[in-house]
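**Student:** For reference, the chains in residue letters:
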Amino acid sequence: MSSELIVDELTGRASAGSIAVTAEGGTVTTNLQQGLAKMWCTHSQAASYTLDDSFNVGSIADNGLGETTINFTNAPANANYAVNVTSSHANKRTTFNSNNTTRVKCETFEVDNVTNPVDAADVCTIVCGDLA
Amino acid sequence: MASVLKVNTLTGVTTAGSIDVTGEGNSTTTNLQQGLAKSWVNHTDAAAITDSLNVASGTDNSTGNYDLTFTNPMANATYSPSVCTLFAQLASIGQEAGDRATTFYQVQCFTRQDSLGAVDSRAFSQIFGDLA
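Line order of the protein sequences matches chains X and V.
Residues in the first sequence are numbered from 1 upward in steps of one, following the numbering used here.
Residues in the second sequence are numbered from 1001 upward in steps of one, following the numbering used here.
Since the hints were derived computationally from the structure, they do not count as laboratory data.
All C-beta atoms, glycine included, are put in the ideal place defined by N, C-alpha and C.
Watch out, some of these pointers could steer you wrong.
[What the hints assert, rightly or not] For each label pair, taking beta carbons as the anchor points, the in silico distance ranges come out as:
{"hint": "1", "chain 1": "X", "residue 1": "112", "chain 2": "V", "residue 2": "1030", "range": "35 to 43 Å"}
{"hint": "2", "chain 1": "V", "residue 1": "1057", "chain 2": "X", "residue 2": "64", "range": "33 to 41 Å"}
{"hint": "3", "chain 1": "V", "residue 1": "1069", "chain 2": "X", "residue 2": "6", "range": "36 to 44 Å"}
{"hint": "4", "chain 1": "X", "residue 1": "16", "chain 2": "V", "residue 2": "1050", "range": "44 to 52 Å"}
[What the hints assert, rightly or not] Sample of chain V residues at the chain X side, in silico, Cβ under 10 Å:
{"hint": "5", "residue": "1005"}
{"hint": "6", "residue": "1007"}
{"hint": "7", "residue": "1008"}
{"hint": "8", "residue": "1019"}
{"hint": "9", "residue": "1020"}
{"hint": "10", "residue": "1033"}
{"hint": "11", "residue": "1035"}
{"hint": "12", "residue": "1036"}
{"hint": "13", "residue": "1037"}
{"hint": "14", "residue": "1054"}
{"hint": "15", "residue": "1088"}
{"hint": "16", "residue": "1090"}
{"hint": "17", "residue": "1111"}
{"hint": "18", "residue": "1131"}
With the rest of the complex left out, here is chain X (with noise of 0.2 Å):
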């Protein structure tokens, strides 16, 4: 018979913002918190710089062609944590140029002209890391 858990808020007993998972192999543990994406998000920068779906994000800013500054709601707790940046185009490249607590500035360029940034469409970025 399986169990199920009813529940809307998970905190750690020994340390509210740790909980231990055992893992798939039945074995080792990881950790809950630390395993979940603490931000992610699909943006638009052509034209009218559109946010299409997101979690902990409060806002983006348009920063001129090619670069977003996407603003968290939940600030992490410190810039140490880890992005991934991509976009759907086969001839441009997005990457992030710039972290902190509050914010990600996402850029991006055309393969072949990497001077002169450009506007992409279906901007995924995902930050793991520590929340404040």
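Assemble the complex: chain X is given as a structure, and chain V must be docked to it using the hints.
**Tutor:** For chain V alone, coordinates are given in the frame of chain X:
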């Protein structure tokens, strides 16, 4: 009234390493363990670890070529790494057989001007897959 569960470790009843979580749409379930990043890392251009989950060490193999070694190994080498770097430079996982194993994976960084030109760079990775 919201219910709060205070717990130190979550373990599946039927299978220790498998817990279902009802998805946002309230109809299907997703898997807690499968959805967690099993590793993430922010490392310097010399492979020093700035912050991480489940990364024991970084090794600077050569210009733009880094090995990241797991603390707890993966169950197999078919896990999914995502890598990203700065300023429109390129980052990829190692292309050769053996560059991705249960105990480590290789990250390679290239200049924004020449995708064959290796360059030292801060880089970021996120790993999804099964822990051993």
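**Student:** Against each hint, give a clear statement of whether it holds in the structure.
**Tutor:** Do the hints match the structure? See the list:
no., hint, in the structure
1, 112/X to 1030/V: 35 to 43 Å, "holds, 40 Å"
2, 1057/V to 64/X: 33 to 41 Å, "holds, 39 Å"
3, 1069/V to 6/X: 36 to 44 Å, "holds, 40 Å"
4, 16/X to 1050/V: 44 to 52 Å, "violated, 25 Å"
5, 1005, "holds, 4 Å"
6, 1007, "holds, 6 Å"
7, 1008, "holds, 5 Å"
8, 1019, "holds, 7 Å"
9, 1020, "holds, 8 Å"
10, 1033, "holds, 5 Å"
11, 1035, "holds, 8 Å"
12, 1036, "holds, 3 Å"
13, 1037, "holds, 5 Å"
14, 1054, "holds, 7 Å"
15, 1088, "holds, 4 Å"
16, 1090, "holds, 7 Å"
17, 1111, "holds, 9 Å"
18, 1131, "holds, 4 Å"
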